[in-house]
Amino acid sequence: MTSDRRWIARLGAALFAVALLYPFTSLFARVGPWQWGADVRGPALASVRVSLLLTGLAMVVIVAIGTPVAAYVARCRPGERLIWQAILLIPILLPPLALGILMTLAFGPYGSVGAVLERYGIAMTNSATAFVATQVYVGMGYYVLGAVAALDAVPIMLQKQAALLGLTPMKVFWRVTLPLSRLGLAVALSIAWVRAIGEFGAVVVTAYYPSGMPVQLWVNLQSFGLPAVMPLLVLFLAVALPVPWLIHVLAQRRRHA
Amino acid sequence: MLKAHIIKHRRELRVEVQVNVAQGCSIGLFGASGTGKSTVLACLAGIEEPDGGYVEVKGLNLFPPSLPLYRRPIGYLTQEPNLFPHLSVSENICFGIPRDRRTEKDVAGWIATLRDRLQLEPLWNAPASLISGGQARRVSLARMLARKPPLVLLDEPFAGLDRQLVRELIDDLVFWSQTIGFSMIAVDHQAEVLRRLCPQGAVVLEQGRIVQQGSWEELSRDPATPLLRSLLAPL
Numbered sequence: 003m004t005s006d007r008r009w010i011a012r013l014g015a016a017l018f019a020v021a022l023l024y025p026f027t028s029l030f031a032r033v034g035p036w037q038w039g040a041d042v043r044g045p046a047l048a049s050v051r052v053s054l055l056l057t058g059l060a061m062v063v064i065v066a067i068g069t070p071v072a073a074y075v076a077r078c079r080p081g082e083r084l085i086w087q088a089i090l091l092i093p094i095l096l097p098p099l100a101l102g103i104l105m106t107l108a109f110g111p112y113g114s115v116g117a118v119l120e121r122y123g124i125a126m127t128n129s130a131t132a133f134v135a136t137q138v139y140v141g142m143g144y145y146v147l148g149a150v151a152a153l154d155a156v157p158i159m160l161q162k163q164a165a166l167l168g169l170t171p172m173k174v175f176w177r178v179t180l181p182l183s184r185l186g187l188a189v190a191l192s193i194a195w196v197r198a199i200g201e202f203g204a205v206v207v208t209a210y211y212p213s214g215m216p217v218q219l220w221v222n223l224q225s226f227g228l229p230a231v232m233p234l235l236v237l238f239l240a241v242a243l244p245v246p247w248l249i250h251v252l253a254q255r256r257r258h259a
Numbered sequence: 008m009l010k011a012h013i014i015k016h017r018r019e020l021r022v023e024v025q026v027n028v029a030q031g032c033s034i035g036l037f038g039a040s041g042t043g044k045s046t047v048l049a050c051l052a053g054i055e056e057p058d059g060g061y062v063e064v065k066g067l068n069l070f071p072p073s074l075p076l077y078r079r080p081i082g083y084l085t086q087e088p089n090l091f092p093h094l095s096v097s098e099n100i101c102f103g104i105p106r107d108r109r110t111e112k113d114v115a116g117w118i119a120t121l122r123d124r125l126q127l128e129p130l131w132n133a134p135a136s137l138i139s140g141g142q143a144r145r146v147s148l149a150r151m152l153a154r155k156p157p158l159v160l161l162d163e164p165f166a167g168l169d170r171q172l173v174r175e176l177i178d179d180l181v182f183w184s185q186t187i188g189f190s191m192i193a194v195d196h197q198a199e200v201l202r203r204l205c206p207q208g209a210v211v212l213e214q215g216r217i218v219q220q221g222s223w224e225e226l227s228r229d230p231a232t233p234l235l236r237s238l239l240a241p242l
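Protein chains in written order, with the numbering used here: chain A, 3 to 259; chain B, 8 to 242.
Careful, some of the hints might be misleading.
[Stated by the list, open to error] Residues from chain B that face chain A, not an exhaustive set, calculated with beta carbons under 10 Å:
id : residue
1  : L76
2  : Y77
3  : G82
4  : H93
5  : M151
6  : R154
7  : P157
[Unchecked claim] Reference listing, derived: stretches of chain B covered by chain A, where coverage requires no fewer than 3 residues with Cβ under 8 Å from a Cβ of chain A:
id : segment
8  : 52 to 61
9  : 86 to 92
[Stated by the list, open to error] Not the full set, but computed from the structure, chain B residues with beta-carbon under 8 Å of chain A:
id : residue
10 : G66
11 : F70
12 : I81
13 : F102
14 : R106
No wet-lab data here; the hints were simulated from the structure. All of these numbers come straight from a predicted model, not from anything done at the bench. In this text, a Cβ means the ideal position worked out from N, Cα and C, and glycines have one as well.
Using the sequences plus the hints, can you model the full thing?
This is the structure:
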């Protein structure tokens, strides 16, 4: 690429970045002095704790269940794989609010599974369990579809060669498949994290309490207006961004190592 | 040692081949490209599943039913070295040996022998992803031999290499087949390579079928088909 073309490409990319980040200039909009008094700060910090802890837990569940499922889908026949992809796309493409309503009906006290869970003392509405379950539903499809692509990229012949060298399928996964796909898996996980921690539509229906950051933003907007939204928004970016960004940094460093 | 009857359908080609190899013997599968040689080898290795027939190695039934790859006493070398790119050369070579066995005197001695004979010492700690194609072939050969498999399958493992390296690798393989005592089936479409690797003789395939088998002298003296005559003729 010539120097002139490189500059044109750079300018185009810069314009794209400006357009993408333009809405964030509203952080400097004149909305009045930002509110960070005790009545805003307490619930805001509690929501940060809820979001980080419960989203982290949801990610553990997503990885534990999603990785074997992805490994299965990556190796199944094309026809069956198409069915799996449709199944995984359904919770992704559904409007989050609709998903929340469906989850409440299915897992709430009047749903068949919900009634059984409630009998064992597991509340599936307005509880930490409901919060985690919703985030798992919201993020699982993103993780599994990304993980399938990552596992697909590992040459099948390398895995067969490892097996011919005496490794059981489980050992082949740990020693060959996982190391060669871990960057793709990490990126899939970062997307699931971003999707889950920012989730509002489904969570507001299933788990208004305990409030995570997106719900707390809504509460702040309703109760105090924009001046109480802005500081929580900044806090949200500060705590939600590092995890996925760090994964991308590591992925890039690994690629150029 | 090996008794096999492979039946495999590949698009319009039906491959049906019977192969028997005695302990410590080598046999070449010879023929033009697309005659089913690699298919036979892949079916013997278990990389592909045959549509019919049977495979038995040292009394162990490999097919049917299909025995899992990790239980097959087979070394398999192809045109692609298939090294594990996230590991070093030494880790690749020791890959098939359990970690707790690597420090055993005879195992460590055997690995050192492979390293020295194949001139891998300078590369020993290099990442496998950064070595040249010729070096990668030597590493994949060492990795296969590290486990001392009783049966070695070679699917044109020297394709694209310079003559000097091919000569060295063939000498190494012949040396170790005598030292370890493994049996060998090699596939190549170059008679010159197969003749050195499997001096005892070859099985000739055309259109998925055996058209002739015997010593190289017999094949050269009285080739069964015009195609075989052409393949055996000097350039």
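- Report the numbers of all earlier hints that the structure fails to satisfy, in ascending order. Structure breaks hints 7, 10, 11 and 14.
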